[in-house]
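Protein chains: 2
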Amino acid sequence: MNMTLEELTNKLKKKKIRLSYQRIKILEYINNHRIHPTVDQIYNDLRKEVPTLSKTTVYNTLNTLADSNLVKVITIGDNEARYDVTIKNHGHFKCESCGIIFDFNIDFNSFKIDGLSNFQINQKDIYFKGLCPKCIKKDASE
Amino acid sequence: MNMTLEELTNKLKKKKIRLSYQRIKILEYINNHRIHPTVDQIYNDLRKEVPTLSKTTVYNTLNTLADSNLVKVITIGDNEARYDVTIKNHGHFKCESCGIIFDFNIDFNSFKIDGLSNFQINQKDIYFKGLCPKCIKKDASE
DNA sequence: TAATTAATTTGTAATCGTTACAATATAGTA
DNA sequence: TACTATATTGTAACGATTACAAATTAATTA
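First to last, the sequence lines map onto chains A and B. Heads up: the first sequence at position 120 corresponds to 120 in the numbering used here, and the numbers run straight through without jumps. Offset between the second sequence (1-based) and the numbering used here: plus 1000.
If you're looking for bench data, these hints aren't it; they were derived computationally from the structure. Please note that the accuracy of each hint is not assured.
As the list claims (entries may be wrong) - So, partial list: chain B residues that the calculated Cβ filter (under 10 Å) puts toward chain A: (1) Y1043; (2) T1056; (3) Y1059; (4) G1099; (5) G1115; (6) C1132.
Unchecked claim - Some chain A residues flagged as far from chain B (calculated, every beta-carbon gap over 10 Å): (7) K11; (8) N31; (9) T64; (10) S68; (11) V73; (12) D103; (13) L116; (14) N122; (15) F128; (16) K129.
Note that this is a predicted model, so its numbers are computed, not measured. Beta carbons: idealized from backbone N, C-alpha and C, even for Gly.
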């Protein structure tokens, strides 16, 4: 799961994104912390290693990476966006109690849809909500 | 598609939501304007009929109606929420060019998912993005 | 390696959607 | 009709995100 510096820089080079310390660190963070972090989480964690980091840079960089499809923006109903590595065939489940976002596998080709002929589909987002096993137990014991 | 005043008031009564002119008007608007409107659209359109209407009331009412499942909040990546009638088995497609949100039919039971055993699923949101037929043509002719 | 130029980072201020709050008005009930 | 709880309203506050300009840095060329 953890990626080397070389792998990360290659990812950026392939997309013709200019290398910078901040960009590499942010891309590294997204790849190595698969917790669907918010901008604030990324900013506060990385600030320990990169003291000069600005929150604007985090926003700019994430937008750049998202435009190039190197990270994925998750907008699962919250007020703040969350960020994820780009991996195919997975949906997101948000626990309404603890707020944790879980990945799950879903076969996007199994969908039986009707009403999108002649549409060009570029992106499919699957967001589920409910209770995770831990919170179901917790609720039951109260 | 258009609902009578009686049908609307019954919907509210069933959910034990106190009747008010504003609530009925907003619920009526959502039911009769299936364009996935924003708060601003609802507010500006209804202000013509209900001059004293406050935007806060639109927000409050929509939250109340959403809590009771009488309307559905669509957060398809925009900065602003959109609102829809509550109808089962449909997904939302947003055209990245013109911004229009289209409904499409999708069989939620056809999903082959893996990784959510022991999870309690309360809500499933399907958001697709891409280009609608009209915008595909427009782009091609430029 | 040094100089050049274009792009990036940074901090602050602005923006915009949404919510908090307190005063006024209204709905449901007795 | 009077009472009480709830809803509406307008303003102010909030929080996530973006705009902007100055300082810094990356890639390029000599």
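Going down the list of hints, with the structure as the test:
1. Y1043: This hint is violated: Y1043 of chain B lies away from chain A, its Cβ roughly 20 Å from the closest one there, beyond 10 Å.
2. T1056: It is violated, given that the least Cβ distance between T1056 of chain B and chain A is near 17 Å, above 10 Å.
3. Y1059: 13 Å, violated
4. G1099: 14 Å, violated
5. G1115: 4 Å, holds
6. C1132: Holds, because the Cβ-Cβ distance from C1132 of chain B to chain A comes to roughly 6 Å (cut-off 10 Å).
7. K11: Consistent with the label, K11 of chain A stays out of reach of chain B, its closest Cβ about 23 Å off (over 10 Å).
8. N31: 20 Å, holds
9. T64: 17 Å, holds
10. S68: The claim holds: S68 of chain A sits with its nearest Cβ about 16 Å from chain B, beyond 10 Å.
11. V73: 7 Å, violated
12. D103: 7 Å, violated
13. L116: Check fails; 5 Å does not lie beyond 10 Å.
14. N122: The assertion about N122 of chain A is violated, with a minimum of 4 Å to chain B.
15. F128: 5 Å, violated
16. K129: Violated, since 4 Å does not exceed 10 Å.
Violated hints, listed in ascending order, are 1, 2, 3, 4, 11, 12, 13, 14, 15 and 16; each of the other numbered hints is respected by the structure.
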